[in-house]
Amino acid sequence: MDSHDNKHHTETDTDSRPSCKTKCVSESLTSDINLSKQADSTADIGLSQLQKVSQHPCYSNNAHHKYARMHLAVAPACNIQCNYCNRKYDCANESRPGVVSELLTPVQALQKAQAVAKAIPQLSVIGIAGPGDPLANPVRTLTTLALIREAMPDIKLCLSTNGLTLIDHVDELLQLGVDHVTVTINALDEVIAAQIYKWIYLDGKRYTGVEAGRILIQRQMAGLQALARAGILTKVNSVLIPGINEHNLPELSRELRRNNVFLHNIMPLISQPEHGTFFGLNGQREPSEAELEQVREESGGNVSQMKHCQQCRADAVGMLGEDRSSEFNIKDINLQSVDYAHTMLARSRFQSALASRGASEQQASLIVAITSDNNEQINLHFGHANCFKLYLLIKNEHYYIGERRIKRYCSGSDECPDTDDHQSNHNRNLQQAIKALHGVDLLLCSRIGNEPQQALEAAGIKVDVDYGYHSVKTVLPELFGKYQQQAKLKWRQQNTLEAS
Amino acid sequence: MALQIGEDCFACYACETVCPAGAISIKGSIFVINPALCSECKDIDIARCLAICPEPSVINHRA
Ligand code: SF4
Ligand code: SF4
Chain L
10 MDSHDNKHHT ETDTDSRPSC KTKCVSESLT SDINLSKQAD STADIGLSQL
60 QKVSQHPCYS NNAHHKYARM HLAVAPACNI QCNYCNRKYD CANESRPGVV
110 SELLTPVQAL QKAQAVAKAI PQLSVIGIAG PGDPLANPVR TLTTLALIRE
160 AMPDIKLCLS TNGLTLIDHV DELLQLGVDH VTVTINALDE VIAAQIYKWI
210 YLDGKRYTGV EAGRILIQRQ MAGLQALARA GILTKVNSVL IPGINEHNLP
260 ELSRELRRNN VFLHNIMPLI SQPEHGTFFG LNGQREPSEA ELEQVREESG
310 GNVSQMKHCQ QCRADAVGML GEDRSSEFNI KDINLQSVDY AHTMLARSRF
360 QSALASRGAS EQQASLIVAI TSDNNEQINL HFGHANCFKL YLLIKNEHYY
410 IGERRIKRYC SGSDECPDTD DHQSNHNRNL QQAIKALHGV DLLLCSRIGN
460 EPQQALEAAG IKVDVDYGYH SVKTVLPELF GKYQQQAKLK WRQQNTLEAS
Chain D
40 MALQIGEDCF ACYACETVCP AGAISIKGSI FVINPALCSE CKDIDIARCL
90 AICPEPSVIN HRA
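In order, the protein sequences belong to chains L and D. All letters in the first sequence, in the order written, are residues 10 to 509 by our numbering. All letters in the second sequence, in the order written, are residues 40 to 102 by our numbering.
The following block holds chain L by itself, in its conformation from the complex:
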């Protein structure tokens, strides 16, 4: 996670984008901003935040045609009883009511994730959304995230939660490189909350009524603040319950803006007697289209509104609006098939072809990784990077094609204590980085130690520190000339490999 992303205030002009070639990316950013009618609500979001958004199918209006997401159902338990939810089924706010997801163990979840990443190369985001509350199942959820972060560096991680125990886990989420968190918040007022939640369970105790509402809201807000400090992109979901929270949601939206929340997604209550929910059985009605429009309108000036949301299941797979989860049952997945390095290579090749509209399949090209905390300058020491931005170079054209992430074992300060423990952390970081950079031809960073440089070059990754503190967009167009021999060699090898 680039915790420093936040600091960098960027206008959303063409020049500050990672590459003017990433046209769809910029378009989708613009459309997101226009949604809110007030572009300034996103003005203090750094560029890399926007980049995160632009590739996330649930967040960006445009990305949901190009990128796919997947939810892994590893988290069955819940610590809140919402009146719109019947725990016999999946959570009603992230899922279609009445459908129960296939529960996976963390190891099965990783296997499924790898199988899907192989079958759907557009897969860019993996999330944990249920079927209960992911953070009410901290062991299952965090183990799954850690397994994926370690094995699948080219995947973004996200998580949905009701926020009750979020504050207890933000540090771990940051360490695991979770990009996006969605918090479901239905009220800012504890009396209103008391009409929405039957009870909450916290530290061994059940709370009800206004007290439950108060504790929940307090902890949700503390969680949002911690996410903002950590630089984790945050979205809030709210369920509009007519007659209960329609006046509280615009107020909530104002509060969200103060907490750096990027999107506020207001969804209609789903409430039918046959779902067996408290609301459904007690005649609570669903909002009309017009009511939903109105509340979104009243809230829209505060935080961007997301209008293309499909309420999807806790095990949804595929592009937003389609669900291919039935194609990927765990019993059909070949558990021995895991060679992710190979898959990752094929995925970057797919992304390269997509970004360059096929050009990367027709001529010599290179994949360059850069280390940067702002996507503008090559300004990070190799040892301080937990995220590598990947670009495809073809002649003087360059295209942003994704990123690779690693989990950090040490804080990476310049003055590392010279203990054995520390040494082994460094080795783990290095091994992970080499694995994550599989398929990358060239690494640009501001500085690098001798030992890591040798290890990278031994793994076939050239390291170049000549461009430390240079701007990404001036370096990339000039770089191809310097490395064209390497590009041609790679091109030849690739073709001989395919011919044989």
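No lab work stands behind these hints: they were computed from the structure. Don't be surprised by glycine CBs; every beta carbon is placed ideally from N, CA and C. Don't take each hint at face value.
[As the list claims (entries may be wrong)] In silico DSS-like links for lysine-lysine, alpha-carbon gap of 25 Å or less:
no.	chain 1	residue 1	chain 2	residue 2
1	L	K482	L	K471
2	D	K81	L	K214
3	L	K97	D	K81
4	L	K471	L	K499
5	L	K127	L	K499
6	L	K127	L	K214
[As the list claims (entries may be wrong)] Below, a sample of chain D positions facing chain L; criterion: calculated Cβ distance under 10 Å:
no.	residue
7	Y52
8	L76
9	A90
Use these hints to put chain D with the ligands onto chain L, whose structure you have.
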């Protein structure tokens, strides 16, 4: 006297997740409490499994 989970349990995993004694596990399609491990949560007022179960009537004191 340990607690007992009835047949109406719908296997939501909540009690299993919070039991400090590791006494709860799935058996077939419902969860069961191992009386040898259950401490009845004597350290607090209400047993944790009871406090988190969405259908608390499912969990009873053993007769
Ligand atoms: S009473 Fe306490 S120890 Fe016994 S099963 Fe329930 S949670 Fe576990
Ligand atoms: S919390 Fe209740 S319903 Fe859920 S698994 Fe335990 S006994 Fe069954």
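Hint by hint, here is what the structure shows:
1. K482/L / K471/L: Holds, because 20 Å separates the two Cα atoms, which is no more than 25 Å.
2. K81/D / K214/L: holds, 13 Å
3. K97/L / K81/D: violated, 29 Å
4. K471/L / K499/L: Between K471/L and K499/L the Cα gap is close to 13 Å, so the pair holds against 25 Å.
5. K127/L / K499/L: Within the cut-off at roughly 23 Å; holds.
6. K127/L / K214/L: violated, 44 Å
7. Y52: holds, 4 Å
8. L76: Status violated, d = 17 Å.
9. A90: holds, 4 Å
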